[in-house]
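A.B. asks: One letter stands for each residue in the lines below.
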Amino acid sequence: EDQVTQSPEALRLQEGESSSLNCSYTVSGLRGLFWYRQDPGKGPEFLFTLYSAGEEKEKERLKATLTKKESFLHITAPKPEDSATYLCAVRLTQGGSEKLVFGKGTKLTVNP
Amino acid sequence: DTEVTQTPKHLVMGMTNKKSLKCEQHMGHRAMYWYKQKAKKPPELMFVYSYEKLSINESVPSRFSPECPNSSLLNLHLHALQPEDSALYLCASSQGTGRYEQYFGPGTRLTVT
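Chains as they are written, first to last, in our numbering: chain A, 7 to 118; chain B, -9 to 103.
The hints are simulated quantities; they were obtained by calculation from the structure and are not laboratory data. A few of these clues could be false.
As the list claims (entries may be wrong) - Listed below are the simulated PhoX-like cross-link pairs for lysine-lysine, each with C-alpha atoms no more than 25 Å apart in a straight line:
| id | chain 1 | residue 1 | chain 2 | residue 2 |
| --- | --- | --- | --- | --- |
| 1 | A | Lys85 | A | Lys74 |
| 2 | B | Lys12 | A | Lys48 |
| 3 | B | Lys43 | A | Lys105 |
| 4 | A | Lys113 | B | Lys9 |
| 5 | A | Lys105 | A | Lys85 |
| 6 | A | Lys110 | A | Lys85 |
| 7 | B | Lys(-1) | A | Lys48 |
| 8 | A | Lys63 | A | Lys105 |
| 9 | A | Lys48 | A | Lys74 |
| 10 | A | Lys105 | B | Lys8 |
| 11 | A | Lys105 | B | Lys28 |
| 12 | A | Lys63 | A | Lys110 |
| 13 | B | Lys(-1) | B | Lys26 |
| 14 | A | Lys75 | A | Lys48 |
| 15 | B | Lys31 | A | Lys48 |
| 16 | B | Lys9 | A | Lys69 |
These numbers come from a predicted model, not from an experiment.
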């Protein structure tokens, strides 16, 4: 069965303390891996799309990478405003249409 | 502009009420989605519309009835809901159902009493 697993469930960092979030997946034929950021009570905000192993994308303090089995979201010198839940999702094909399946997310807290 | 709007922001309804959620996008996207998100859980797909036609229904109970009147609008009609249906309902859109990212609206917080 296709599955998306994120770790850790929660991560607490000090401001400036770099770290990485992990998203591992077991899908047959990856058709895209997505990272989203979600603040409490709000809709997910699109961050990155990755399609092939070795691909990397960057945005401000965030960098997403992809291997054949997992993706990492690296956060460099985080600030308190980076506190949010980070969701990973993979695109699957079903009945001729494609859908996203989300992991449970990593809740990141950055303390000043 | 990657804005998806949803109304209302909050909705409280009784189990015998009929209400509707509305979603709108003006990005020219041809795929629209409804997700349900319970507290501390990831979004779960409910319905997918592609070119105004329903393409995926994730075995959602019939008390949820989606409608896509045109390519910019998506409605979710609610009837005879249960308290366990209380959740954040998210709408999303994308250029198509292929290799395109989905953009989410802010959601409607639904409470069923």
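A.B. asks: Against each hint, give a clear statement of whether it holds in the structure.
C.D. replies: Hint-by-hint comparison with the structure:
1. A:Lys85 to A:Lys74: 30 Å, violated
2. B:Lys12 to A:Lys48: Status holds; Cα separation ~16 Å.
3. B:Lys43 to A:Lys105: Within the cut-off at roughly 15 Å; holds.
4. A:Lys113 to B:Lys9: 33 Å, violated
5. A:Lys105 to A:Lys85: 32 Å, violated
6. A:Lys110 to A:Lys85: 23 Å, holds
7. B:Lys(-1) to A:Lys48: Holds. Lys(-1) of chain B to Lys48 of chain A sits at ~10 Å (cutoff 25 Å).
8. A:Lys63 to A:Lys105: Given pair Lys63 of chain A, Lys105 of chain A holds - Cα atoms ~22 Å apart, limit 25 Å.
9. A:Lys48 to A:Lys74: 31 Å, violated
10. A:Lys105 to B:Lys8: 28 Å, violated
11. A:Lys105 to B:Lys28: 19 Å, holds
12. A:Lys63 to A:Lys110: 22 Å, holds
13. B:Lys(-1) to B:Lys26: Satisfied, since the Cα-Cα distance of roughly 14 Å is no more than 25 Å.
14. A:Lys75 to A:Lys48: Given that 25 Å is the threshold and the Cα spacing comes to 29 Å, the pair is violated.
15. B:Lys31 to A:Lys48: With a Cα-Cα distance of about 13 Å, the restraint between Lys31 of chain B and Lys48 of chain A holds, given a limit of 25 Å.
16. B:Lys9 to A:Lys69: 42 Å, violated
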